[in-house]
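Student: Sequence:
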Amino acid sequence: MSDFSGLHVESFLEMMSAERGAAVNTLASYERDLEDACSFLKTRGVKAIEASSEDLRAYLGHLSQQGFMASSQARRLSALRQFYKFLYAEGLRGDDPTGVLDAPKKARSLPKVLSIDDVSKLITLAETEAQAPGPNQLARQRMHALIELLYATGMRVSELVSLPASVLAQNGRFLVIKGKGNKERLVPLSRSAISAVATYRASLAAETAANEKAEESPWLFPSSGKAGYLPRQVFARDLKDLAARAGIRVATISPHVLRHAFASHLLANGADLRAVQELLGHSDISTTQIYTHVLEERLHQLVQNHHPLAKQAKKRD
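Counting from 446, one number per residue, gives the positions in the sequence shown under this note's numbering.
Please keep in mind that the hints were generated in silico from the structure rather than gathered at the bench.
Warning: the hint list may mix true and false statements.
Below, computed lysine-lysine pairings styled on DSS-like, alpha-carbon distance capped at 25 angstroms [unchecked claim]:
(1) Lys658 - Lys625
(2) Lys671 - Lys658
(3) Lys671 - Lys623
(4) Lys566 - Lys685
(5) Lys658 - Lys685
(6) Lys566 - Lys625
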């Protein structure tokens, strides 16, 4: 019988049940996790009640090697923390070996990114629909302008929908975007984005002038809602509708995904990570480093295509 399955663990589980109100499933999970740790410690010739911080760190390393996700490792560590705190509080140990252990860091998931072809499909369809006359043409022109601006600048959707009406008049081919913490950044615009916005603004002005009761809005994308500008949820919904018509999986598209596409496509085509950081409005370069997988792939292709030894290997193949 292991020391985890004896009176110590029974007392621990009783305490968790009586004092913490732990559910039956939680108690069973604690027991399984502690027994697993005990089995590993036995392979090191160590009793669980005597385990050191290094022993427990080795156990976490073992879990990682076995392919356990960071969240699963963190759960095992949580069980160990609770148990050793109990032993310390009961005077059964003079220290808590888990106190110096760091929780396993969860890997940051890579952002969803649309291919350049998919973005081209979206923009082409939006442009085609914007040019078609008929009812709701202004809404279709607005959609075209929104997508062109988002892909040209990579701005946050909240920044996009709340752009002031005078933004282009003030800055010509550049936008001054007011981001988080009211920090401003200068972002260049593509010619297609400028053209789409100009077409949309002309139609908006004509419609406003035709409606005697309508007042000129201070927003580039006005709405009758409380905020006065287009709700981002409406744009997200319309974007998914457009994606469906373009034959793109709706689950893969959102305004944020287009922001990621902007950054990834820039990096894949030679842009500097610091420059992309500035364009995205990230205050810390570490936030932008989720795109390093794009840089790694670009460097790999660079070596494969231009290094003399790589060229020789291709010729031999």
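Student: Each hint needs a verdict: does it hold in this structure or not?
Tutor: Cross-check of the supplied hints:
no. : hint            : in the structure
1   : Lys658 - Lys625 : 35 angstroms, violated
2   : Lys671 - Lys658 : 18 angstroms, holds
3   : Lys671 - Lys623 : 21 angstroms, holds
4   : Lys566 - Lys685 : 13 angstroms, holds
5   : Lys658 - Lys685 : 33 angstroms, violated
6   : Lys566 - Lys625 : 31 angstroms, violated
Hints 1, 5 and 6, counting from the list given before, are not met by this structure.
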